[in-house]
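Asks: Chain by chain, the residues:
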Amino acid sequence: MVHYLFVCRSLTHAQRTAHLLERAGIAGSVIRAPKVISKEGCGYCVRVAERKLTDALMVLRREGMAPRQVFLQSAEGVYSEVTA
Amino acid sequence: MIYLDSAATTLEKPQSVPAASAWAMTHMASPGRGGHPASALAADTMYRCRELAAEIFGVGDPERVVLTANATHGLNIAIHSLVRRGATVLISGYEHNAVTRPLFARPDVRVKVAAGPLFDAEVVYEAFRRELTPEVDVVICNHVSNVFGFIQPVDRIAALCRERHVPLIVDASQSAGALPVDLTRWGAAFVAMPGHKGLYGPQGTGLLLCGAETRPLLYGGTGSQSRLQEMPDFLPDRLEAGTQNVCGAAGLLAGMRFVKEKGISRIHAHETGLARRLMDRLAGLPGVTVYRGAEQSGLFSVTVDHMDCEEIGAALARRGVAVRAGLHCSPLAHRTAGTEERGTVRFSFSAFSTARQTDRAAEIFRQIVSQGKRAR
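Top line first, the protein sequences correspond to chains G and Z.
Counting in our numbering, the first sequence tops out at residue 84, every number present.
Counting in our numbering, the second sequence tops out at residue 376, every number present.
Do not take every clue at face value.
As the list claims (entries may be wrong) - Computed spacing ranges between beta-carbons, pair by pair:
hint, chain 1, residue 1, chain 2, residue 2, range
1, G, Lys35, Z, Arg335, 56 to 66 Å
2, G, Glu40, Z, Ala19, 48 to 58 Å
3, Z, Arg335, G, Glu40, 42 to 52 Å
4, G, Lys35, Z, Gly242, 31 to 41 Å
5, G, Tyr79, Z, Asp233, 32 to 42 Å
6, Z, Trp23, G, Gly25, 51 to 61 Å
7, Z, Asp233, G, Arg51, 33 to 43 Å
Rather than coming from a laboratory, the hints here were simulated on the basis of the structure.
Owing to the predicted nature of the structure, the values given are computational and were not obtained by experimental measurement.
Each residue gets a CB set at the ideal place from its N, CA and C atoms; glycine is no exception.
Next up, chain Z with everything else stripped away, as it sits in the complex (with noise of 0.2 Å):
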């Protein structure tokens, strides 16, 4: 199989990662449950993966790194901590219904949309700027677009918000592992991020940089102050209740190795090489519109006309390439960028993506697409 959707998940990883995890599952315990060896270790490798995400990600404290099932959890504790009563909420044209969904889902709360057109950050920044003003609590930006592969000013962003006083939620599902995330640099209240995909760890893993004040999700046994009936007031306990997924810490911190080792500008020119040859193949085919910008990371969609992408989805599978189609859980995204009523095919790239694939991606799809136009 040619994998050519690990915005969703990156499937192949390094050795280490699943070498890790199952070797967890039979020698680590409950980490903060007790004080025999197997609790010991598997307390130390949670701990290491915290303190390695915070050198990685900018947080000066690995305490301030919280382990969360996924980029989803990390954004509904941040949306929970921050977004009160009332609040008004202004967030990007680009959000992903990790972040729409919860705010969809307090009918209390008024959501502004800083919206710009694909690949122009200038715009975006000035609909941010125009948008940000003094009754707005919380501002909420993806880095990335998962759809597009839009590469967000996110930077500049962080900066008016430092200079407005307004707490930031950075959601960094499709830059980690591929471009500078700083949670200090950006002096965010949170960034969220997912472990299964460019930190290449198992599924069920996720991080949450916390650099503001935190109202837990969930309540229950966190191993410390245990005859408090109050969750304690100190991180991570504070919003990691119940026992931890050891085995998927273990593999995160297998996967954040190896993105260390291999360096983030070498995987993200990787990403973004393979992108732009298969870019360049599928810009001439007839009827194939390519969104493709200068702000883009390793990932980006496409459509055909007169063809369905869900079809042409199906026709890649069945020919051995695997990408996503439709709506990618960003209809925002897509009524942003115009392609909320057909969707797009969108292809993503991992460390592991080879050239040799992608030439075989395009001449699969250009084959799909040929036959589609002669079918009609």
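In isolation and in its complexed conformation, chain G is listed as follows (with noise of 0.2 Å):
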């Protein structure tokens, strides 16, 4: 199943980006960055359905919370940096 992934500062960030998502019935769960697209280190991330990306990305930008980074993860669990 492929999923995108939101990358979010902090913890907090990330709670607060799923928690605006959710507000507006689209589920987002918390999950710490995968190492390989956390070149900081320690991140967390917001994943989403596939189907919901337009969706969640329209909510953000309204609330100013457009995130750094988005990825896309496949099926084969390889990620990839989606651009606009």
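Since each chain comes alone in its own frame, lean on the hints to assemble the complex.
Replies: Structural data, given as structure tokens:
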């Protein structure tokens, strides 16, 4: 299954991101950022389903909480950065 | 015991507070230090604590709510963040040692005092207006005096600071949970408060609401940006090095839920009602001076002619009444009010104090004063 990961600067930021999404009816789970995408070490992400990407980004941009980076997690577990 | 020392710490808590802290002790691990459920549960609790505090205290962003060990810790961070070498700091005449000692420890800092008489908010405001001159870099003011319950005109002082573009630090130790406290409305740089007084959390908890740039007081692991040797430049991580007090945060969350449910204005009305009831009973006793005024919260001080305040405090304790006597870690407030040499006996109330306790305390106090007079 394909997911998108929104990279967050901190755990609290990730929690706030997930909370905003939840309020908009979008499920997002806070997870530790995989090492390969966490360049500064020990980061957190919010994971959303593939089909929710557009809605989630709209919600977060509206709240001034656009993610720093977005990664696609393929069904095989490979990460690739998504650029606008 | 009749507990009338809630200005130091509220002893009776909602049942949910010790239950939440005890549960956290064996079910919650380190937040931000692992991806397992016990860590996630702790992180969730910490976040809910920030989120509720942000809602109650007018902070737009829960990330700007920093969990501290107490109000003193928060005030030290705030002072460390804003007060630079050679700075001039304007403080009220009712500040606690939590403000004056960190400033005294900085010999390069000049401290001015905007002093005004007890319970005269107009004169205090005028003192701030007069003393807030261009060389002042930071203003620090407590919302309520921890000795006299004097409610200082913080709304107007905050407006003055905004108008003159001077950052304001508010010590809300005696007002959080009993009066409206609002970081955004005040436009304050920082608001510090304890968790264990009017928020009914455990001791060892506090909150710092941040409206300005911050400077860490403590350096160490934050569970974020671990490769970097600089502290993170974002909140709350920037100010929360080391493992946090999760059990305390769980209890504080329960305490804040209680305050929200009960209602701050109702708690204030209850506490001030009991304070007035006791003041009325003590005011008529011979030799007793009750320090009271219009701008007063649910705590007050008294002195008794020819009786030592500590002896009265000890006599009350022997009869099962808990109060605090002495200088209350606020020599400046006593100096301003003219009670520094003698000290005072302070009575303070909580949402759990009752009229029956108040009347009993009044009777015991009357007996002690009467015996003290006879012994002379």
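Asks: Compare the structure with each hint and give your call.
Replies: Here is what the structure says about each hint:
The supplied range of 56 to 66 Å is met by Lys35 of chain G and Arg335 of chain Z, whose beta-carbon atoms lie about 58 Å from each other. Range check, Glu40 of chain G to Ala19 of chain Z: about 38 Å between beta-carbon atoms, so the 48 to 58 Å window is missed. About 50 Å separates the C-beta atoms of Arg335 of chain Z and Glu40 of chain G, a value consistent with the hinted range of 42 to 52 Å. The hint said 31 to 41 Å for the Cβ distance between Lys35 of chain G and Gly242 of chain Z, and at roughly 23 Å that hint is violated.
Range check, Tyr79 of chain G to Asp233 of chain Z: Cβ separation about 25 Å, and the 32 to 42 Å hint is violated. In this structure, Trp23 of chain Z and Gly25 of chain G break the distance hint of 51 to 61 Å, their C-beta atoms being roughly 30 Å apart. Distance hint check for Asp233 of chain Z and Arg51 of chain G: the Cβ-Cβ separation is about 35 Å, which falls inside the suggested range of 33 to 43 Å.
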